[in-house]
Amino acid sequence: MAETLLFNALREAIDEEMARDPHVCVMGEDVGHYGGSYKVTKDLCEKYGELRVLDTPIAENSFTGMAVGAAMTGLRPIVEGMNMGFLLLAFNQISNNMGMLRYTSGGNYTIPAVVRGPGGVGRQLGAEHSQRLEAYFHAVPGIKIVAVSTPTNAKGLMKAAIRDNNPVLFFEHVLLYNLSEDIPEGDYICALDQAEVVREGKDVTMLTYSRMRHHCLKAVEQLEQEGVDVELIDLISLKPFDMETIARSIRKTHKVVVVEECMKTGGIGAELIALITEHCFDDLDARPLRLSSQDIPTPYNGNLENLTIIQPHQIVAAALDLKAGRR
Amino acid sequence: MTQELTAARAAQTSIPGPAASSEEAGSHAVRLEGLVPAERASVSRDEGLMLYRDMTLGRRFEDKCAEMYYRGKMFGFVHLYNGQEAVSTGVIRAMRLQHDWFCSTYRDHVHALSCGVPAREVMSELFGKATGCSKGRGGSMHLFSREHHLLGGYAFIGEGIPVALGAAFTSRYKRDALGQADSDAVTAAFFGDGTCNIGQFYECLNMASLWKLPILFVVENNRWAIGMDHNRATSEPEIWRKAAGFGMVGEEVDGMDVLAVRAAAQRAIERARAGDGPTLLECLTYRFRGHSLADPDELREAAEKEFWAKRDPIKQLALRLTDMGLATAEELKAIEKEIDAEVADCVEFALAAPEPDGSELTRYIWAED
Chain Z
1 MAETLLFNAL REAIDEEMAR DPHVCVMGED VGHYGGSYKV TKDLCEKYGE
51 LRVLDTPIAE NSFTGMAVGA AMTGLRPIVE GMNMGFLLLA FNQISNNMGM
101 LRYTSGGNYT IPAVVRGPGG VGRQLGAEHS QRLEAYFHAV PGIKIVAVST
151 PTNAKGLMKA AIRDNNPVLF FEHVLLYNLS EDIPEGDYIC ALDQAEVVRE
201 GKDVTMLTYS RMRHHCLKAV EQLEQEGVDV ELIDLISLKP FDMETIARSI
251 RKTHKVVVVE ECMKTGGIGA ELIALITEHC FDDLDARPLR LSSQDIPTPY
301 NGNLENLTII QPHQIVAAAL DLKAGRR
Chain Y
1 MTQELTAARA AQTSIPGPAA SSEEAGSHAV RLEGLVPAER ASVSRDEGLM
51 LYRDMTLGRR FEDKCAEMYY RGKMFGFVHL YNGQEAVSTG VIRAMRLQHD
101 WFCSTYRDHV HALSCGVPAR EVMSELFGKA TGCSKGRGGS MHLFSREHHL
151 LGGYAFIGEG IPVALGAAFT SRYKRDALGQ ADSDAVTAAF FGDGTCNIGQ
201 FYECLNMASL WKLPILFVVE NNRWAIGMDH NRATSEPEIW RKAAGFGMVG
251 EEVDGMDVLA VRAAAQRAIE RARAGDGPTL LECLTYRFRG HSLADPDELR
301 EAAEKEFWAK RDPIKQLALR LTDMGLATAE ELKAIEKEID AEVADCVEFA
351 LAAPEPDGSE LTRYIWAED
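These protein sequence lines are chains Z and Y, in that order.
Count the first sequence with this note's numbering and you get residues 1 to 327, in order.
Count the second sequence with this note's numbering and you get residues 1 to 369, in order.
Isolated chain Y (complex conformation) (with noise of 0.2 Å):
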């Protein structure tokens, strides 16, 4: 960041806020502070309510999920998504659902969520059954549907990104080597900040651009990779600039709110369905819990997750959805009952559901079988 820039940053910082200044809350939130105010997609009230919908589903599925890793209903690694649903919900509900292909990390319950795979599948394969979404061979970290065309939940850091990269050079490949002139479908690739250190991410930008091939590059920077923070990591926290080298768009959002991510989508999005190529959207965003369910947390200062806590992504749209009088309060209210009603009715089903057959260990192996 430029010297003057940082000022100007630090000018918008001293704007009055509730509470925890984002000085104390750490340079993470003094970035978010920093950031020129977004133009927010429009939307209307159905739009609004989905977004609403889809980001309440990711929130309370978690929260149960933390329930049921406590009750020892799951077993493993369990990363929770609480404080990013922007990111998810803003991206994937601005892209074509069965039509555009999305792949994921180790942290990926929501993405498959709002990928639209349901969530009786997705509890299922956190409790390893076989009516789980990978049939109980994949668990938390590797949740797969094809239907939904998600091509995974990737568990290894950046191992997802080449596999997206090659998504999106099918659908160039369909257009121009196979002459079908309506493919158009568009990957997104989501890691953290962690990521934007390893040499596959350099890697695929540059194929990427090279080859104009129709990907986001979706960024979910919320500071922490486990307990390494991103400003002792990397040498330009300001991972978006990071597209110019590739010469690629590059663009920083609000991560905590959905209708600033998902316009940023949008913009990106219809660029690469023109052909003009991929973008690298830096969402920067906060992880409300531990890095998994094992996670101590004891890094993290209270400042910071104060300051993250008051921009809670789902309160946001829920203050802006009744500000422009797409929803009240009360209707908002409902949806929540029947999301909880959907998060009880997905355990019921996954406690109830049968344990995959021994005797088909070895099945899946090879395609034939």
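This is chain Z alone, in the form it adopts within the complex (with noise of 0.2 Å):
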């Protein structure tokens, strides 16, 4: 076991792949020379060379196409989003070609991709930089999508992604880079398709992934001395949604409260509802809960920004509620 900065697990992961497979590379804004706007790239370029670790021109969309025509003819390119918010930029790439072309051309290709980077609230960086994309890439076929939430799952999951076959969109939180915890020492992976049971409770299922995890951690803490026993699963894949690990545990707790970062519209929590509603209705005893981002522009005054997310506080709230039958 080593300590370990998120960044940098993330980092050790894409080291390790990429020598293991020559194939493997990096392409985007500031990942060589700069080693990435947030480091998780930091020295790699000197490792591996400016052709494996390609800085990019500034032109998204057409970097993120030069990544699909590279894997369909043998490359494993990890693209990275300076901020995910400017994947706005590659959407057609990402949903007509990465996502669509294996089905629309009958499975004669497969675009091993990953598409990493940094989303989410940050620390008042604007509406345009505080985005959570996951939610509107979600209706894409063909990708698998991934929240990363600590050091540990970071590198388990990076390794999973790169080794998958499959176009993975692979979202980090802005606010966890600097996460620090002990991981595991040398190869290991984490599956890209199974929640993550974080705490085992019998009387609330809260359901959450990336930065929220953390907010959900210490809302159970005080929960806790309250006296509700909450299971707390870190959805981990967002597409798709890791039902039985989900139902398995409503049985048991026949209640539920999605916590997100996402906007409520169409957000990731709204999926999952309609899932668990068609899958779950008869083990339910209350409607379920959603505790989401409003529906607005993230606002640049701190204390604004604050009231657009979900805060532990309104998490304690909801789930002393639902145990309590009054929602």
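Keep in mind the hints are simulated off the structure, nothing from the lab.
Please note: incorrect hints may appear among the correct ones.
To be verified - Below are the DSSO-like pairs computed for lysine-lysine, each with C-alpha atoms no more than 27 Å apart in a straight line:
1. Z:Lys252 with Z:Lys218
2. Z:Lys42 with Y:Lys212
3. Z:Lys47 with Y:Lys337
4. Z:Lys323 with Z:Lys252
5. Y:Lys337 with Y:Lys310
6. Z:Lys239 with Z:Lys252
Dock chain one against chain two, each of which comes alone in its own frame, and use the hints as you go.
Next up, the structure:
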């Protein structure tokens, strides 16, 4: 075990996979000489050369499309979105080509590519840099979507994403890069399609992902004192959802709350609750709850920003209500 | 265009020609007439016949598509290539099949045929059959064949260019990062004049030149982006000139003359294989039909259509082959008969082919399936 910061865990994963397979390469803005805007590719350009760690011009749609073509012809590119919001400019390539091309081509081509980068609401970064694109990309067929939340799962999931033969959208969170914990030594993999049961409990199932996992953990501490035994599940895989783990928990607790950072309308929770209603309706003792961000552009002002996203005290209140049958 | 050049070209266009003068036929015709006579590729008899066969297959295949569309055998948007055959054949047949890479647009049937995708597979795809090159999932605008290195037909404007750039990147990566000295595959990206106004075109010219990638940007300038006249859409209509802004070689060529296209393509391919980077090749051409089979084609002047029809690239090649003594009119007729039989066969095959299995609706989403 070694104490590792999350950005270094990602870097280790990429480094190990690049050493393991010479077809693995990185492309994006400032990934090379600069080492990545959050230092996830620090020194890799020196180690592997400028072709394998390719600094691209600022042209998101085109370098993402280039990664598609490279993946179709035998490479395993990792595309860095300097900020995931920038990938709105690459929406066409991610949707039409990365996601749909294998199907449209009748299986002629596979696209083993990873698109990774920081998403989420940071500290007063303004609306454009505070987006949660996982919800926007959720409807695109043919892509896997994962969100990492700890140094341990960041490394294991990154390695799995690189080895996967499908396109993977890999969401990191701008406020989690300096999270530190002991991670296993050497080569280990986390499954891309499995949720992580963070804490077992019997009263309420709490489903979350990315940074909200840590807000939930704070809430869970307080709820423990209030006598609510929460089963906290980090979804990890946003597409497809690990419905087996989710349903198993709901069969036990009969109550569910989704805590997410994306906006409520068309969000991850919207789809998740629809699925829970379809699959677990008879197991529910209360209507499923959804705690999401406000349906607004994230404001710059710090207080307004805090009011936009869910805070731990709101999670506590919702869980208490759920247990007491008040909602 | 400088005033001087305009004057020089105007002088050239006054050369008496048949029927419609280039001036009546519009600016695109004036440009074609004003081209400095190109060096043509010299070809052997076999090569000449190969080119003739490929172009004839493209033309007859598309004519058959129109027939099948109107008979209700194929659906959706169908964009035919008639008139532009010299570009597909001139470029692709100068490259190494199943070695180099090819990237097309929504007007992709003939590119696929030139790449060597069997007519049966292309027609089957247009009929939506399981035997189609995209298993009936793609349709007219999404023809793919990994076997024939066809990266695909891309239906949205410009989106194929970055994909082609990626294939060219792989060639360089294999050579310089993986140490495969024999990695010399070149990629050809085809697109039209309308695409030369979209960002991805410029972004990719920049990256291709920056990294000296082995790629040919082949512009099929047929003047019309559906109903948008090229001259109303762009500030510099001479697309090949845009190459200079990226430190890249640009060439304009008579896109109705397959031997001229072939010669230009050969120069570009040689540069690309030698590691000297990309080329922007603007082929002046014309589509003989509307944008798609759903296009009433009301905007283009009769004089313009007549001008270009008289420069039919297949008839031009036939004349040249017979003039050079490489083939007789009878031999060319025999090729046409063979092609007609091949096209009839592919229709018969596609009609009889099975529909995709409904139980496999969700197959091919994931790499493992």
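Outcome of the hint check:
{"no.": "1", "hint": "Z:Lys252 with Z:Lys218", "result": "23 Å, holds"}
{"no.": "2", "hint": "Z:Lys42 with Y:Lys212", "result": "26 Å, holds"}
{"no.": "3", "hint": "Z:Lys47 with Y:Lys337", "result": "61 Å, violated"}
{"no.": "4", "hint": "Z:Lys323 with Z:Lys252", "result": "13 Å, holds"}
{"no.": "5", "hint": "Y:Lys337 with Y:Lys310", "result": "23 Å, holds"}
{"no.": "6", "hint": "Z:Lys239 with Z:Lys252", "result": "24 Å, holds"}
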